[in-house]
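Peer 1: What follows is the residue order along each chain.
6 protein chains.
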Amino acid sequence: MTDTHKLTHVDETGAARMVDVSAKTPTVRRAVAAGRLATTADVVALLRDGELPKGDALATARIAGIMGAKRTPDLIPLCHPIAVTGVTVDLEVTDTGVEITATTKTTDRTGVEMEALTAVAVAGLTLVDMVKAVDPAASVEAVRVLHKEGGKTGEWVRP
Amino acid sequence: MTDTHKLTHVDETGAARMVDVSAKTPTVRRAVAAGRLATTADVVALLRDGELPKGDALATARIAGIMGAKRTPDLIPLCHPIAVTGVTVDLEVTDTGVEITATTKTTDRTGVEMEALTAVAVAGLTLVDMVKAVDPAASVEAVRVLHKEGGKTGEWVRP
Amino acid sequence: MTDTHKLTHVDETGAARMVDVSAKTPTVRRAVAAGRLATTADVVALLRDGELPKGDALATARIAGIMGAKRTPDLIPLCHPIAVTGVTVDLEVTDTGVEITATTKTTDRTGVEMEALTAVAVAGLTLVDMVKAVDPAASVEAVRVLHKEGGKTGEWVRP
Amino acid sequence: MTDTHKLTHVDETGAARMVDVSAKTPTVRRAVAAGRLATTADVVALLRDGELPKGDALATARIAGIMGAKRTPDLIPLCHPIAVTGVTVDLEVTDTGVEITATTKTTDRTGVEMEALTAVAVAGLTLVDMVKAVDPAASVEAVRVLHKEGGKTGEWVRP
Amino acid sequence: MTDTHKLTHVDETGAARMVDVSAKTPTVRRAVAAGRLATTADVVALLRDGELPKGDALATARIAGIMGAKRTPDLIPLCHPIAVTGVTVDLEVTDTGVEITATTKTTDRTGVEMEALTAVAVAGLTLVDMVKAVDPAASVEAVRVLHKEGGKTGEWVRP
Amino acid sequence: MTDTHKLTHVDETGAARMVDVSAKTPTVRRAVAAGRLATTADVVALLRDGELPKGDALATARIAGIMGAKRTPDLIPLCHPIAVTGVTVDLEVTDTGVEITATTKTTDRTGVEMEALTAVAVAGLTLVDMVKAVDPAASVEAVRVLHKEGGKTGEWVRP
Chain A
0 MTDTHKLTHV
10 DETGAARMVD
20 VSAKTPTVRR
30 AVAAGRLATT
40 ADVVALLRDG
50 ELPKGDALAT
60 ARIAGIMGAK
70 RTPDLIPLCH
80 PIAVTGVTVD
90 LEVTDTGVEI
100 TATTKTTDRT
110 GVEMEALTAV
120 AVAGLTLVDM
130 VKAVDPAASV
140 EAVRVLHKEG
150 GKTGEWVRP
Chain B
0 MTDTHKLTHV
10 DETGAARMVD
20 VSAKTPTVRR
30 AVAAGRLATT
40 ADVVALLRDG
50 ELPKGDALAT
60 ARIAGIMGAK
70 RTPDLIPLCH
80 PIAVTGVTVD
90 LEVTDTGVEI
100 TATTKTTDRT
110 GVEMEALTAV
120 AVAGLTLVDM
130 VKAVDPAASV
140 EAVRVLHKEG
150 GKTGEWVRP
Chain C
0 MTDTHKLTHV
10 DETGAARMVD
20 VSAKTPTVRR
30 AVAAGRLATT
40 ADVVALLRDG
50 ELPKGDALAT
60 ARIAGIMGAK
70 RTPDLIPLCH
80 PIAVTGVTVD
90 LEVTDTGVEI
100 TATTKTTDRT
110 GVEMEALTAV
120 AVAGLTLVDM
130 VKAVDPAASV
140 EAVRVLHKEG
150 GKTGEWVRP
Chain D
0 MTDTHKLTHV
10 DETGAARMVD
20 VSAKTPTVRR
30 AVAAGRLATT
40 ADVVALLRDG
50 ELPKGDALAT
60 ARIAGIMGAK
70 RTPDLIPLCH
80 PIAVTGVTVD
90 LEVTDTGVEI
100 TATTKTTDRT
110 GVEMEALTAV
120 AVAGLTLVDM
130 VKAVDPAASV
140 EAVRVLHKEG
150 GKTGEWVRP
Chain E
0 MTDTHKLTHV
10 DETGAARMVD
20 VSAKTPTVRR
30 AVAAGRLATT
40 ADVVALLRDG
50 ELPKGDALAT
60 ARIAGIMGAK
70 RTPDLIPLCH
80 PIAVTGVTVD
90 LEVTDTGVEI
100 TATTKTTDRT
110 GVEMEALTAV
120 AVAGLTLVDM
130 VKAVDPAASV
140 EAVRVLHKEG
150 GKTGEWVRP
Chain F
0 MTDTHKLTHV
10 DETGAARMVD
20 VSAKTPTVRR
30 AVAAGRLATT
40 ADVVALLRDG
50 ELPKGDALAT
60 ARIAGIMGAK
70 RTPDLIPLCH
80 PIAVTGVTVD
90 LEVTDTGVEI
100 TATTKTTDRT
110 GVEMEALTAV
120 AVAGLTLVDM
130 VKAVDPAASV
140 EAVRVLHKEG
150 GKTGEWVRP
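Residue numbers (numbering that gives the first Met the number 0), protein chains in the order written: chain A, 0 to 158; chain B, 0 to 158; chain C, 0 to 158; chain D, 0 to 158; chain E, 0 to 158; chain F, 0 to 158.
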């Protein structure tokens with residue numbers, strides 16, 4: 000295992016720390032993360048139901064995800080507070096649940112993938128909250144980064 | 000579809016609302032939720048590595064999960080602020096990642112499963128943050144309620 | 000000026016304090032507050048526009064108002080943290096803007112009107128944020144309590 | 000209605016989003032917003048009362064307004080977190096209430112008027128909280144931008 | 000060392016947890032904590048200076064302390080969120096600095112001394128912030144509980 | 000007393016304000032602050048106890064300190080929100096307690112010593128919370144800046 004295979008957030012004695020990024024150059028960075036609400040056909044019918052008022056159910060999750068992205072440094076202990084410059088949360092109702100995709104951008108010294116992952120997780124939890132009276136077994140699945148670009152490490156695409 | 004098959008968090012016109020629970024009786028309630036960090040054997044070795052200082056990596060996730068439980072009403076738009084009376088977050092390193100289990104308790108008017116789910120999700124995201132330099136593909140899987148008890152609906156065990 | 004004509008949140012020396020309510024009995028309390036986004040006919044047309052996708056504009060304000068109610072003790076220095084047990088935010092698009100009405104409930108030792116007022120103000124500011132590119136002069140007007148009930152002082156209706 | 004007459008915070012399908020400002024240049028920006036606490040002569044007398052200790056009543060509102068400006072991205076869902084570089088909140092007791100003026104500055108990619116408006120609203124709500132035992136009908140009126148400058152759109156003065 | 004000599008916030012394996020207090024009875028509890036800003040004669044003169052406008056310097060610290068008490072569960076990882084029912088922060092300018100005393104009350108399942116200590120610490124840090132341009136060596140000293148009462152353990156007075 | 004001997008956070012009328020730093024140049028800045036948990040030999044033995052699981056006790060304080068640094072602008076009313084680019088919190092168990100040292104870095108327009116002091120204070124309070132069942136008289140002592148550098152005023156070392 001090489002030197003690059005280290006947990007960067009703990010020092011050589013194992014103590015947690017917020018890594019010093021002062022010397023890094025601010026650059027435009029972008030991350031895309033995704034996840035999925037897994038639920039029943041009943042819930043899918045309720046969410047899909049062509050009637051317009053249902054809009055709030057998805058809107059609530061979308062807004063929770065966007066706001067969640069902004070709370071990332073409050074939630075993830077060793078994350079740097081960064082200047083999030085854009086967030087979108089896309090929700091697509093499928094036959095087995097809701098596909099959640101979040102895209103985040105920044106012009107800062109460190110990557111924005113934790114913000115995208117947090118947006119996905121919070122949107123997913125908000126969907127669970129809204130459907131749990133109908134489906135108490137609803138779950139949030141596969142919260143993961145799909146793509147990131149910008150910064151020293153450059154582009155990464157999920158294999 | 001029966002009356003019980005409704006999304007309780009939107010009213011008949013589809014507008015989001017925080018459901019009125021004033022008339023409910025405070026009772027002891029408990030919820031258990033779980034999830035999993037899926038990662039590589041390399042990361043598992045780093046987390047497992049018998050050397051004690053590594054403790055902080057898991058401790059950071061445990062504490063983030065506990066603190067995350069307390070932030071639930073700030074994150075999930077329609078959740079009631081409740082008096083969380085106990086939280087534990089258990090982490091077990093396995094061959095393919097980390098199993099995350101959170102138990103939350105309250106003595107309030109509404110259930111505490113969103114707090115347990117939020118603890119799991121935040122602990123999972125914190126683990127991703129700590130290992131992402133080694134495994135950028137690490138993901139949080141299967142965030143779900145295992146068990147809940149207390150309140151009018153009584154006990155529910157994941158089928 | 001009688002004894003009841005005092006600013007309760009400052010003591011006899013003028014120092015700010017959070018008033019001690021330990022001895023008060025928890026009771027069901029309810030408050031209704033209102034306010035108005037004043038904007039142009041152009042914006043009204045955009046908000047009203049029958050096309051369904053526009054739903055998010057109002058949904059965003061509704062959710063911001065509900066979440067804002069929960070943040071009241073973080074924002075208003077001398078407010079007690081209370082167990083908000085229900086919040087609704089109603090938005091009605093009129094010819095001159097949007098009428099905002101918030102209803103909050105609690106079962107606690109002190110009133111819930113500041114939570115209702117905060118919900119109205121935050122919903123109003125969110126609407127301003129969404130329309131300001133079209134109408135930079137949009138304003139939030141007449142944020143006020145309409146009605147409150149519960150607690151020792153009983154019912155109050157705006158004259 | 001031209002293309003510039005769009006609600007920028009919802010996309011073409013109506014979904015809420017945080018607009019991407021990564022490509023904008025950081026510049027010094029300044030905004031001034033105002034509002035008014037409308038209350039009774041009794042309250043005005045209490046606030047004006049030459050006796051010095053009363054200072055805390057106005058100081059509490061001033062500080063709440065300044066702190067509120069910093070909470071703007073937590074409250075307004077689609078607001079970007081920006082680096083607020085200065086805030087003042089001025090309060091002037093008049094015969095019919097308190098005139099509230101907030102000035103905010105930033106050196107960032109987007110305007111600072113929502114921060115100024117939030118400072119005014121929170122200061123106003125704090126004043127309501129402090130006087131509501133004497134005047135339960137106190138209201139916050141006319142929360143609006145007076146002036147903004149900096150950025151691509153340049154100066155705007157309330158007509 | 001007896002069983003009562005344990006760190007209650009870590010379990011038998013050493014893992015941090017929020018202790019379960021569900022079974023405890025809510026009772027009125029009160030705590031008094033104190034601390035001291037240690038600074039120079041120059042700063043004392045500025046704070047004391049009979050001229051009234053200086054009021055804001057102390058008012059800012061008083062309000063920060065009160066608001067800080069409410070943020071305790073957000074700051075101290077294993078603290079329970081409790082219903083704070085009253086907070087006062089007293090500041091007394093002495094020849095060598097400012098004596099800070101905070102009194103907190105609750106009617107809940109667990110003690111309120113962490114809230115009193117947090118109020119003192121935040122008030123002290125706020126004073127440091129205000130005087131640091133004049134005295135960069137200003138410090139916060141002796142943040143400690145003086146007295147607590149209520150709950151199963153009853154009264155405790157600092158020896 | 001010269002002009003430089005002013006409380007910068009209040010204006011000439013004594014009103015609190017967030018000082019305008021828009022015109023300052025972002026530079027790398029660094030601060031080191033320290034403090035001490037004073038406690039009994041019993042507690043020291045519990046914290047020191049070679050057995051590894053105890054790790055969480057110190058890890059909890061370390062993480063609370065790091066997260067506390069990020070909450071500084073939420074706690075200290077007149078502090079600017081700044082881009083914290085690195086935080087470490089070091090804890091050293093001594094015969095009479097725990098020495099706490101925090102180092103913070105930023106690349107912004109204003110200093111980072113309040114963030115370092117807040118990290119120390121929050122880590123100290125967290126330690127008090129963890130040991131208070133064993134030592135209710137535990138205190139946080141001597142929270143002070145040791146060193147700062149960067150910015151117009153350059154280096155300052157505690158005399």
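Derived by calculation from the structure, the hints in this document are not laboratory data. One or more of the hints may lead you astray.
Stated by the list, open to error - Subject to a maximum C-alpha distance of 27 Å in a straight line, what follows is the list of computed DSS-like cross-link-like pairs (lysine-lysine):
hint : chain 1 : residue 1 : chain 2 : residue 2
1    : E       : Lys151    : C       : Lys23
2    : D       : Lys151    : F       : Lys23
3    : A       : Lys23     : D       : Lys23
4    : F       : Lys23     : A       : Lys23
Peer 1: Tell me the hint numbers this structure goes against, listed in increasing order.
Peer 2: The structure conflicts with no hint, since it agrees with every one listed earlier.
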